[in-house]
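Whole structure, please, built from the sequences with the hints as guidance.
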Amino acid sequence: MADVNRGNRPLSPHLTVYRPQLTSMTSIFTRITGVAMLLAGLLIVWWFLAAATSPEYFATVDGLITSVLGDLIMTLSVLALWYHALAGLRHLIWDSGRALDVETSEKLGVAMMILSVVLTILTVLIV
Amino acid sequence: MSYLTDLKRAVGHGSAREGTRRHWAMTKSSVALLILLPFFVFTFGPMLGQPHAEVVAYFARPFPAIVAGLFIVVGFMHFKTGIQMVIEDYVHGTMREYVVILTTCLSYGAAAVGLFALAKIAL
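Residue numbers (our numbering), protein chains in the order written: chain A, 1 to 127; chain X, 1 to 123.
There may be inaccurate statements among the hints.
Unchecked claim - Where chain X lies over chain A, by a calculated footprint (3+ residues, C-beta under 8 Å): (1) 21 to 35; (2) 88 to 101.
Stated by the list, open to error - Residues on chain X that point at chain A, a partial pick, calculated with CB under 10 Å: (3) Thr27; (4) Asp89; (5) Thr104.
These aren't lab readings, by the way, just hints derived from the structure by calculation. Please read these numbers as outputs of a predicted model, since none were measured by experiment. Ideal Cβ positions, reconstructed from N, Cα and C, are used throughout, including at glycine.
Here you go:
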């Protein structure tokens, strides 16, 4: 009896059975932004290493990171950073046992999206 | 018919009371990163595109250097655990182990390079 269906169980994540929803999409994007920030993270570390090495090396890496492509990567990474931070904050709120119902979660999801764009524009303007 | 009992199958695979360890690690590092985030963005950001001498002088100062060092180390440790969760969801078999080893080495490596560079600038 205990051996029924062993090793042939459905395993998570079985995402394909779900219709896309605001809550699932905001969750997926938390992952995507988290993984995508690796590129900017490595660029920043490279930039620091170049600054520590020589003015010539620094000029090369700094030129790369402030080029059109570099600016695009860094600006999108700032958006990813604010989004991921707000999503993390939402998780901390959930962990405290608050805002767990669908309606509030969706409201927070919309707030995250709007606020991350606003914070990105502010960051680009200030920096 | 198997002679293994359910208990025998469960032993060694079950709760070692460590299931929440990674969750708690991510909670702690996320709180730390939320505090560090504005400080890092608004100290590191303005230095992009600045002349080399100015960048080196700026990160030789304690506050920008310590903020950058903390953000890089805590950030990459947060990444190490986070990416492992993602890999464990989507990659299976031996490949999972290779990829987790690779991302773990990458995380420690990047943090070490960042700290080395900051130390060299500051000293």
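Right, here's what the structure says about each hint:
no. : hint      : result
1   : 21 to 35  : holds (count 3)
2   : 88 to 101 : holds (count 5)
3   : Thr27     : holds, 7 Å
4   : Asp89     : holds, 6 Å
5   : Thr104    : violated, 13 Å
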